[in-house]
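Going down the list, the sequences are from chains A and B. Take 3 as the starting number for the first sequence in this note's numbering and just add one per residue. Take 413 as the starting number for the second sequence in this note's numbering and just add one per residue.
Be a bit skeptical, because a hint or two may be false.
What the hints assert, rightly or not - Output of the computed footprint for chain B on chain A, the stretches with three or more beta carbons under 8 angstroms from beta carbons of chain B: (1) 51-57; (2) 74-83; (3) 165-175; (4) 284-297.
Simulated from the structure, these hints should not be mistaken for laboratory data. Every residue, glycine too, gets a C-beta built ideally from N, C-alpha and C.
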Amino acid sequence: MNMQTTIAGIPFKNPVMTASGTFGSGMEYGEFVDLNQLGAVVTKGVANVPWPGNPTPRVAEVYGGMLNAIGLQNPGIDVFLERDIPFLKQYDTKIIVNVCGKTVEDYVDVVEKLGEEPAVAMLEINVSCPNVKEGAIAFGQKADALYHITQELKKHAKQPIIMKLSPNVTDITEMAKAAEAAGADALSLINTITGMKIDIHRRKFAIANKTGGMSGPAIKPIAVRMVYQAAHAVKIPIIGMGGIANAEDAIEFILAGASAVSVGAMNFVNPYTTIEVIKGIEAYMERYHVENLTDLIGAVE
Amino acid sequence: MKQKQTAVVASQKEIAPQIFDMWINTELAAEARPGQFVCVYPKDRSTLLPRPISICEVNGDKTALRLVYRIAGQGTAEFAGYRAGDSIAILGTLGNGFLEAVGIDSLTGSIVRDDVEITADKMFSGKQVFLMGGGIGIPPMLQLAKKLNQFMEKDRIQIIVGYRDAQTFLREDLERYGKVFIATEDGSVGTKGNVMNAIAENGLSADKIFACGPMPMLRAIKAYAQEKEIPAYISLEEHMACGVGACLGCVVKTREIDHHSHVHNARICTDGPVFEAKEVEIG
Chain A
3 MNMQTTIAGI PFKNPVMTAS GTFGSGMEYG EFVDLNQLGA VVTKGVANVP WPGNPTPRVA
63 EVYGGMLNAI GLQNPGIDVF LERDIPFLKQ YDTKIIVNVC GKTVEDYVDV VEKLGEEPAV
123 AMLEINVSCP NVKEGAIAFG QKADALYHIT QELKKHAKQP IIMKLSPNVT DITEMAKAAE
183 AAGADALSLI NTITGMKIDI HRRKFAIANK TGGMSGPAIK PIAVRMVYQA AHAVKIPIIG
243 MGGIANAEDA IEFILAGASA VSVGAMNFVN PYTTIEVIKG IEAYMERYHV ENLTDLIGAV
303 E
Chain B
413 MKQKQTAVVA SQKEIAPQIF DMWINTELAA EARPGQFVCV YPKDRSTLLP RPISICEVNG
473 DKTALRLVYR IAGQGTAEFA GYRAGDSIAI LGTLGNGFLE AVGIDSLTGS IVRDDVEITA
533 DKMFSGKQVF LMGGGIGIPP MLQLAKKLNQ FMEKDRIQII VGYRDAQTFL REDLERYGKV
593 FIATEDGSVG TKGNVMNAIA ENGLSADKIF ACGPMPMLRA IKAYAQEKEI PAYISLEEHM
653 ACGVGACLGC VVKTREIDHH SHVHNARICT DGPVFEAKEV EIG
């Protein structure tokens, strides 16, 4: 039985990754999970300089999921390269760094610095965080802007780039095609869905940013649908995510066309989710006599 | 070692309206420190996020944790329905603890930080402390008082607690480990007003303050500690998603640059929940 999957020529021992922003750089969850078992660790977004993020409250619970508006708090690329990369290098897992910025130049700055670090396998470009006022999301919601930034980053990136798509668009295939046409090596989707929650007793927004990105099991059907649509619109591989809580969920994404999957919000609920998903996919493959994981990709009939 | 596990409820009762007192059998009790908390997960899958609840007490054998909490919503309402023998999903033990915030390992009394020069018995013996709790911030003061009894004289542990009314839950437990002063909003028991009024009315003083309660109370304590030039260690609360420092949901503004993100934002779940008051910007 072969769990390996390949994205942009890079082999991953299994298709299970961590969704950016839900797993830090692995340090916190290393107490619960053997990071060596993971297909990849996708880090929290990192910018060219430290970002303080949004005011609190930053998180709120909603039915079957959560809203967050962290605002990409991060220590900046210099601290990240000194501290987080050496930590992750100790493990036998692939490192994918999520890159955020407010301007194209910000992104280029980070991408170039990461180019000097051969331990980083791929870059995931965050053009879809709904919680950052300037830049970021604007690149992810207009096809021409997405095309432009993808093309720019491809000129500077030493590693293959994954464009992380926003679900907050009218037509996900248009965005997927724009990223592919501009040279993206892979896509990841979906980022969170913009939502809102109001505390009726206090008559206040549940999170300080007013809106937040919704994640968790409640969004999974939307994510599966978008992965399926994107997979039929482009030839580049897709990393699927959105509410994955167990192996069954992960397999749905793979059958819909994802070459790999990421566990996000459910890490918060059950820190062992990633490992349980890996074991569950193995059990599924055994049960249905699937020799290669890749045989399952897009195999929905 | 942090762990998520399914533990067993040993007992539960309502000790004041909407306030529940639950004992849980769990080996996590062996490592529990005063001021730490556990995340409790509802079984209803529509409510996914953990409810951070402070540790009120550890039993003598260190095999059980006592959680005293208020029903604040759907999740805690579910917990309140648990009976002896029911399972309960918890993650713990989390956070730094009151004595750890001072620089002392509360399990051994030894020094855990470079800037601390004396062990717990030398630090506390002959000194006076305030343990201040307001409302549902009172429970963690019990285990702290119990612990401090190992290092100092009982009558120097001054426990100042504020309630709304005569529903003075945990009062008898607290009286076993310190000298208790009560303030009630309606004046039905002790000083009429809040914990600060109780300090003034009783003419109390201290060398150190430990506190947990609503933000206005913590702000008043921060100001009082600054005026008296004594250290105050306050336990903060915020909505959490992961409880282990990964999601960056529960931050507090800090005076110094934080070691994680280098942006003056400490994580309440892991860098706290207890902070020295002067280190945090609580308005």
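Going through the hints against the structure:
{"no.": "1", "hint": "51-57", "in the structure": "holds (count 4)"}
{"no.": "2", "hint": "74-83", "in the structure": "holds (count 5)"}
{"no.": "3", "hint": "165-175", "in the structure": "violated (count 0)"}
{"no.": "4", "hint": "284-297", "in the structure": "violated (count 0)"}
Checked against the numbered hints listed earlier, the structure breaks hints 3 and 4; every other hint is satisfied.
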